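Undergrad: Listed below are the residues making up each chain.
There are 2 protein chains.
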Amino acid sequence: MTSKTAYNVAVVGATGAVGQKIMEILEKKDLPINELKLLSSKRSAGSKLTFKNKEIIVEEAVPESFSGIDIALFSAGGSVSKKLAPEAVKHGAVVVDNTSAFRMDENVPLVVPEVNESDIKSHNGIIANPNCSTIQMVAALKPIQDAYGLSRVIVSTYQAVSGAGNQASEELEKQTEQYLNGEEMTAEILPVKGDKKHTPIAFNALPQIDVFQDNGYTFEEMKMINETKKIMHLPELPVAATCVRLPFFTSHAESVYVDVEKDGLTVKDIWKVLEEADGVILEDDPATQTYPTPLSASDKEEVFVGRVRKDPDLDKGFHLWVVSDNLVKGAAWNTIQIAERLIKNNWF
Amino acid sequence: MTSKTAYNVAVVGATGAVGQKIMEILEKKDLPINELKLLSSKRSAGSKLTFKNKEIIVEEAVPESFSGIDIALFSAGGSVSKKLAPEAVKHGAVVVDNTSAFRMDENVPLVVPEVNESDIKSHNGIIANPNCSTIQMVAALKPIQDAYGLSRVIVSTYQAVSGAGNQASEELEKQTEQYLNGEEMTAEILPVKGDKKHTPIAFNALPQIDVFQDNGYTFEEMKMINETKKIMHLPELPVAATCVRLPFFTSHAESVYVDVEKDGLTVKDIWKVLEEADGVILEDDPATQTYPTPLSASDKEEVFVGRVRKDPDLDKGFHLWVVSDNLVKGAAWNTIQIAERLIKNNWF
Numbered sequence: 137m138t139s140k141t142a143y144n145v146a147v148v149g150a151t152g153a154v155g156q157k158i159m160e161i162l163e164k165k166d167l168p169i170n171e172l173k174l175l176s177s178k179r180s181a182g183s184k185l186t187f188k189n190k191e192i193i194v195e196e197a198v199p200e201s202f203s204g205i206d207i208a209l210f211s212a213g214g215s216v217s218k219k220l221a222p223e224a225v226k227h228g229a230v231v232v233d234n235t236s237a238f239r240m241d242e243n244v245p246l247v248v249p250e251v252n253e254s255d256i257k258s259h260n261g262i263i264a265n266p267n268c269s270t271i272q273m274v275a276a277l278k279p280i281q282d283a284y285g286l287s288r289v290i291v292s293t294y295q296a297v298s299g300a301g302n303q304a305s306e307e308l309e310k311q312t313e314q315y316l317n318g319e320e321m322t323a324e325i326l327p328v329k330g331d332k333k334h335t336p337i338a339f340n341a342l343p344q345i346d347v348f349q350d351n352g353y354t355f356e357e358m359k360m361i362n363e364t365k366k367i368m369h370l371p372e373l374p375v376a377a378t379c380v381r382l383p384f385f386t387s388h389a390e391s392v393y394v395d396v397e398k399d400g401l402t403v404k405d406i407w408k409v410l411e412e413a414d415g416v417i418l419e420d421d422p423a424t425q426t427y428p429t430p431l432s433a434s435d436k437e438e439v440f441v442g443r444v445r446k447d448p449d450l451d452k453g454f455h456l457w458v459v460s461d462n463l464v465k466g467a468a469w470n471t472i473q474i475a476e477r478l479i480k481n482n483w484f
Numbered sequence: 137m138t139s140k141t142a143y144n145v146a147v148v149g150a151t152g153a154v155g156q157k158i159m160e161i162l163e164k165k166d167l168p169i170n171e172l173k174l175l176s177s178k179r180s181a182g183s184k185l186t187f188k189n190k191e192i193i194v195e196e197a198v199p200e201s202f203s204g205i206d207i208a209l210f211s212a213g214g215s216v217s218k219k220l221a222p223e224a225v226k227h228g229a230v231v232v233d234n235t236s237a238f239r240m241d242e243n244v245p246l247v248v249p250e251v252n253e254s255d256i257k258s259h260n261g262i263i264a265n266p267n268c269s270t271i272q273m274v275a276a277l278k279p280i281q282d283a284y285g286l287s288r289v290i291v292s293t294y295q296a297v298s299g300a301g302n303q304a305s306e307e308l309e310k311q312t313e314q315y316l317n318g319e320e321m322t323a324e325i326l327p328v329k330g331d332k333k334h335t336p337i338a339f340n341a342l343p344q345i346d347v348f349q350d351n352g353y354t355f356e357e358m359k360m361i362n363e364t365k366k367i368m369h370l371p372e373l374p375v376a377a378t379c380v381r382l383p384f385f386t387s388h389a390e391s392v393y394v395d396v397e398k399d400g401l402t403v404k405d406i407w408k409v410l411e412e413a414d415g416v417i418l419e420d421d422p423a424t425q426t427y428p429t430p431l432s433a434s435d436k437e438e439v440f441v442g443r444v445r446k447d448p449d450l451d452k453g454f455h456l457w458v459v460s461d462n463l464v465k466g467a468a469w470n471t472i473q474i475a476e477r478l479i480k481n482n483w484f
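Quick mapping for you: the protein sequence lines, in order, are chains A and B. Using my numbering, the first residue of the first sequence is number 137, and each one after it goes up by one. Using my numbering, the first residue of the second sequence is number 137, and each one after it goes up by one.
Just so you know, these hints were derived from the structure itself, not from any lab. One or more of the hints may lead you astray.
In this list, chains with the same sequence are indistinguishable; a pair is considered to hold if it fits within one copy or across any two.
[To be verified] Only pairs whose alpha carbons sit at most 30 Å apart, straight line, appear in this in silico DSBU-like list of lysine-lysine:
no. : residue 1 : residue 2
1   : Lys-365   : Lys-329
2   : Lys-332   : Lys-404
3   : Lys-408   : Lys-333
4   : Lys-332   : Lys-436
5   : Lys-219   : Lys-452
6   : Lys-398   : Lys-436
7   : Lys-408   : Lys-332
8   : Lys-398   : Lys-365
9   : Lys-333   : Lys-404
10  : Lys-398   : Lys-452
Keep in mind the model is a prediction, meaning the values are calculated, not measured.
Model the full assembly from the supplied sequences, consistent with the hints where possible.
TA: Listed below in structure tokens is the structure:
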């Protein structure tokens, strides 16, 4: 379409954890918005939310909601996206979808702007926002791949409860109080809302994020494996993942081990490319105990990397500790960045 | 020495987290104890502790304390062991040392009974108990190595605060209350007592356990790397480790990735050797969301393994999730097991 000066934007899932964060970031950014439409399930419709000092009534998302919308940001779960994203496209909107519904669809680009911005161009109405834990990892891997090549990636994650939604955060808070009061902890949400069994997360670690697949991996682990290959255009790169939920509210951390292709590299060589990388901040100084943590990375847009170490046994092995806010860069901010680049390049 | 019917046993560091756990386990076990002597620093001397319904006054540990002692269990920190373990040996005791003081000494066997019991035999008065995070990992790796061979180990840990002592557990509790009350969290102990900087652990993850070494690794990481090679008698095995402290009180979890030597193995092949392994319990059923967690493993003696998965990309790669109580199998119980085997085999 012809470049506009301002765009009609819809947020689908406006009352959820990611929807709220999208509005919070849109407040601070200069995305040229003409009208902001807030959409939700029937249950949450009617809520009033404030955007730039203006009250907006949340409406139920139906196919007709997208009439006149230029960009629709979806964060209301996979089933909502599957049903309504194609309707939004039919009504002329470009969808940035933050669910897993279309990520592995070969007709849908899966984008982290610092890594594969130009993939946006090839969209057919839908652009997928990757899984939170994938986004921060590929942001850190991309500069290493470009400079030195990667031949293997093995990641173990340390993931915040907010990735499972607001109810999971409330559950952590409730269980923590129960534990400190000597009461039995009650679990109804985690590890996965609606799954067969629930286990306390407070003062615990749950090696299950999302439901199990037939191959014994969780869906979260398979997302990290498959999405990383797609975003980086490295279908043959071996990626191994273990995903673990932990008792903190915000930001995911990842212990990432890579084999590089080039030999003889030092920690300084890895530091150099990370320091120069777009969207990445290096926080790595053992002498002053400097490294990122979930608390230090919270509410920030960047991906933080520390604890870079060379394997003492193997010349091509390196460790990284990668931390980022799962609701910001891992969801809302990456979604908005995609919309920004779409507008900037007029790739409608 | 000639086999005795009962032994004089000293616990050095009786008032600490591990010392307390040693007494708790000794209460339940049938180690043939004649006299139990409880020793501590000058500061804690005079405390009264109860063992098998008898009150025992804790005495200050000095060289003469070990006169008449057959077995001395040390858990009072590396500097105490360095000073007093040789004195205990001079007085005729066999020392089982739970600190890092002698672990890498080539004249000191480093023992996990399920893995290398017969190494006890070669002691010269001191037997070292490995680091908690190492013990549980080698217990799970040993049956795989024996059956299929290992060519590479990459581990990321999820470690409980109690590994840093009682004060660290108190700090987690205090910070948790501060956070829930909306107060600023105060940090004085973790990540490492006496280190330059302290960072809150509550609702956070700290990628530092023990002090940093010149190579950028923490001492905990180097312990896992070096101790694993020594215990398994595999000096050439590449072992890579990242150690992370997390906000739970008890039990360490580990995401362990291994390359095996044999090709064509399945998850069932790995399950089989773990099921038959001494001291290991397999808890692995994705269909019923069955896997060990720090809470489920607490106060138990075994090493629990779940989430066994074959790498979808690489035939020889497998994931394991290994959980065990860091104060029980990771410290007190392994120490007592060594003493039991010493007695059973009369390897004094």
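Undergrad: Next, verify each hint and record whether it holds.
TA: Here's how the hints hold up against the structure:
Proximity of Lys-365 to Lys-329 under the C-alpha cut-off of 30 Å is restricted to the intra-copy arrangement: shortest distance 28 Å within a copy versus 42 Å between copies. In this homomeric assembly, Lys-332 and Lys-404 come within 30 Å of each other (Cα to Cα) only across copies, at 24 Å, whereas the closest approach inside a single copy is 48 Å. Taking CA atoms no more than 30 Å apart as the test, Lys-408 paired with Lys-333 passes between copies only; the shortest distance there is 26 Å, against 46 Å inside one copy. In this homomeric assembly, Lys-332 and Lys-436 come within 30 Å of each other (Cα to Cα) only across copies, at 26 Å, whereas the closest approach inside a single copy is 35 Å.
With identical chains, the CA atoms of Lys-219 and Lys-452 are never at most 30 Å apart, being 46 Å at best within one copy and 41 Å at best between copies. When the C-alpha separation of Lys-398 and Lys-436 is checked against a cutoff of 30 Å, the pair qualifies neither within a copy, at 32 Å, nor between copies, at 45 Å. For the identical chains of this complex, Lys-408 and Lys-332 are inter-copy neighbours only, at 27 Å across copies versus 47 Å inside a copy, given an alpha-carbon limit of 30 Å. Taking identical chains as interchangeable, the C-alpha atoms of Lys-398 and Lys-365 lie at most 30 Å apart whether they share a chain (20 Å) or sit on different chains (27 Å).
Taking the closest pair of Cα atoms, Lys-333 and Lys-404 come within 30 Å of each other only across two copies (24 Å); inside a single copy the shortest separation is 46 Å, beyond that limit. In this assembly of identical chains, the alpha carbons of Lys-398 and Lys-452 lie at most 30 Å apart whether taken from the same copy (7 Å) or from different copies (23 Å).
Of the numbered hints given earlier, the model fails hints 5, 6; all others are met.
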